[in-house]
Amino acid sequence: MATEDSFLTIKDVSTAFKINGQYYDAISHINLTVHHDEILALVGESGCGKSTLATTIMGLHDPDETRITGEVDLEGTNLLQLDENGYNQFRGAKIGMIFQDPLSALNPLKRVEDQIQEVLDYHTTLSTAAKHDRVMELLDQVGIVNPPRTARQYPHELSGGMRQRVIIAIAIACKPDLIIADEPTTALDVTIQAQILDVLRSIQTENHAGIILITHDLGVVAETADRVAVMYAGQIVELGSAEQIFNTPKHPYTRSLLRSMPQLNNESDDLYVIQGNVPSLRRLPTTGDRFAPRIPWVPASEHEATPTMHEVAPGHKVRCTCYRNFTFPDEKGSDRV
Amino acid sequence: MSLIEIHNLKVHYPIRSGFWNRVTDSVKAVDGISFNIEAGETYGLVGESGSGKSTTGKSVVGLEKVTSGQIIYQGQDITQPANRRRLHYNRDVQMIFQDSLSSLNPRKRIEDIIAEPLRNFEHLSKDDEKLRVLQLLDIVGLDADALYKYPHQFSGGQRQRIGVARAVATNPKLIIADEPVSALDLSVQAQVLNFMKRIQQEFGISYLFISHDLGVVRHMCNNIAIMHKGRLVELGTRDDIYHHPLHIYTKRLLAAIPETNVNQRAAHRATRQAVEQAYQDQQARYYDADGAPFPLVAVSPTHFVALPADFAQSLAHAEQEVQA
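These protein sequence lines are chains A and B, in that order. Using full-length UniProt numbering, read the first sequence as starting at 1 and increasing by one per residue. Using full-length UniProt numbering, read the second sequence as starting at 1 and increasing by one per residue.
Derived by calculation from the structure, the hints in this document are not laboratory data. Cβ coordinates follow ideal geometry from the N, Cα and C atoms, glycine included. The reader is advised that the hints may include incorrect statements.
[As the list claims (entries may be wrong)] Among chain A residues calculated to face chain B with C-beta under 7 Å, some are:
1. Asp101
2. Ser104
3. Ala242
[To be verified] From chain A, some residues computed to sit far from chain B (all C-beta separations above 10 Å):
4. Gly59
5. Arg152
6. Tyr154
7. Ser256
8. Leu271
[Stated by the list, open to error] Quick list of simulated restraints, FRET-style, between CB atoms:
9. B:Asn21 with A:Pro108: 45 to 55 Å
10. B:Arg107 with A:His29: 21 to 31 Å
11. B:Asn222 with A:Asp101: 53 to 63 Å
12. B:Asn21 with A:Glu157: 42 to 52 Å
13. B:Ser26 with A:Pro293: 53 to 63 Å
14. B:Arg22 with A:Asp140: 50 to 60 Å
15. A:Pro329 with B:Leu131: 30 to 40 Å
16. A:Arg282 with B:Ser68: 49 to 59 Å
17. A:Asp64 with B:Leu131: 33 to 43 Å
18. A:Thr327 with B:Pro81: 52 to 62 Å
19. B:Arg85 with A:Arg282: 27 to 37 Å
20. B:Ala298 with A:Asp101: 52 to 62 Å
21. B:Ala270 with A:Val145: 15 to 25 Å
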């Protein structure tokens, strides 16, 4: 996992939204790389900025209302410098996006085939027959049983899982290097979720794409991700391989999240609750560790004044120094890790 | 005696068509289910979307017209309106909804929202009412200044706790919780579930906990029913369902829960795909000729499965041998 073969580099990206004439950082100083053949999961609770990061990469923000700084480097092009026309060459062709709600992402008045073909019309010079073949191939690839039949249907005739498969087919139509999947399974049943995740994984292996999987579900992350970035209040607080994050979590936030999941062995105990609330955009602490107010028992001396990422193992980075001696108040001084 | 007994409950919606717009068919949303909820327990009702679990919950609380079947509460069938009134059923059975924002009136302050059931049933004086509302807010861990705020001023978790406070206002015996935490973040979900458990211990309330999340259900529920296509496919204690599942549908649901153990990822996926394959291949053995689940048969005093009796027994024996 050397940096050389990463094709997407996010350097020091901050996105600020204008509220009442003042800018507030929704994400601040994000550094990330995405490689071919990997699924990078962005995990965090609502409001942590994970979707903002996705829409920043896709260039979906209104420039009058947002201020974006930093660099998003996709194979040598800084996306943030592009104008709208330039961006359109990338969206759909090099970057595919899968949205959470498949019904609102599809046009209700168009047949499935026409919607998939739209991307091909825009980005390729294929003949009509070749496009038709490609649509059938795509529908087959995302696991639709009878492609010719589904191609003629309208979105409302399809089940939730089928719609999400169509969305995936649209996203991968031009074999993009990067696929951003924003909560692709949140609206689906568990059994369908499992199938969709399998489809995503098989597409990634076939196309050698890099996938950014945005989710709040730690189970989904554990099942599919190769690398994980945990976000809190607009910052990445921990970054590492799936094994590192789940087997040896370091940051207090990651450990708190894992602890608040209903587990097999604590069927009757109370679940762990993180104290306090996620700070709202306008009340984000500007200095110090943003997670500090939620672990008040940790003395201030444990935190850094300006928290930075520390490498604790190859590829495993943690923000702030407070992870070093961190214990939960009900643990008897022993570190779980 | 059970707190509430549901006998052969059916909710069918008519499909009208043709020249006279006559009833030509019906959608069998709930098609003959029976289960009992004991006092003080949390009963889990699990199923995928469209399985009829929410319709069941709504018909128990009285929001849905029951086509046939009985809901027995204190020995009386409360599908009869006269019985509902006599037993104060509407006071004793309350509901918590999935979407906390749309279940709270945006134009009312929290005080009025929580006091509404009190005003309907308790007729307290102004001061007593306020005291009671404050107590309720305290139970769900909210400050007194919440009284004069509006629903939009709260976060999702706080709103859901307000929903809980409103549901417990009349000291109910049973609360129907329809996906109470599925719209919430993990840490907030933990908070709401803890409050629900604490309130249950304090007031001896029973819950009918409707959810699609088998992880949450395992944490909350003592007895669990799995619903599919409007019928129950398996019913048993937590141990029966999670450790000795018999019906292929239950196994499929369990296999689809994402595991947080990264080291077992490949093995888990293999198991899941094997179960999914078995589910596709063995439809004929597990479902009747119309594709509907069979009637339930008992395999142990607590464990029921919707299969032909001999097949269920042979599966149960095989399961015991594997365990032994």
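Going through the hints against the structure:
{"no.": "1", "hint": "Asp101", "result": "violated (14 Å)"}
{"no.": "2", "hint": "Ser104", "result": "violated (17 Å)"}
{"no.": "3", "hint": "Ala242", "result": "holds (5 Å)"}
{"no.": "4", "hint": "Gly59", "result": "holds (28 Å)"}
{"no.": "5", "hint": "Arg152", "result": "holds (24 Å)"}
{"no.": "6", "hint": "Tyr154", "result": "holds (20 Å)"}
{"no.": "7", "hint": "Ser256", "result": "violated (7 Å)"}
{"no.": "8", "hint": "Leu271", "result": "violated (4 Å)"}
{"no.": "9", "hint": "B:Asn21 with A:Pro108: 45 to 55 Å", "result": "violated (26 Å)"}
{"no.": "10", "hint": "B:Arg107 with A:His29: 21 to 31 Å", "result": "violated (42 Å)"}
{"no.": "11", "hint": "B:Asn222 with A:Asp101: 53 to 63 Å", "result": "violated (35 Å)"}
{"no.": "12", "hint": "B:Asn21 with A:Glu157: 42 to 52 Å", "result": "violated (24 Å)"}
{"no.": "13", "hint": "B:Ser26 with A:Pro293: 53 to 63 Å", "result": "holds (56 Å)"}
{"no.": "14", "hint": "B:Arg22 with A:Asp140: 50 to 60 Å", "result": "violated (42 Å)"}
{"no.": "15", "hint": "A:Pro329 with B:Leu131: 30 to 40 Å", "result": "holds (33 Å)"}
{"no.": "16", "hint": "A:Arg282 with B:Ser68: 49 to 59 Å", "result": "holds (55 Å)"}
{"no.": "17", "hint": "A:Asp64 with B:Leu131: 33 to 43 Å", "result": "violated (51 Å)"}
{"no.": "18", "hint": "A:Thr327 with B:Pro81: 52 to 62 Å", "result": "holds (58 Å)"}
{"no.": "19", "hint": "B:Arg85 with A:Arg282: 27 to 37 Å", "result": "violated (50 Å)"}
{"no.": "20", "hint": "B:Ala298 with A:Asp101: 52 to 62 Å", "result": "violated (43 Å)"}
{"no.": "21", "hint": "B:Ala270 with A:Val145: 15 to 25 Å", "result": "holds (22 Å)"}
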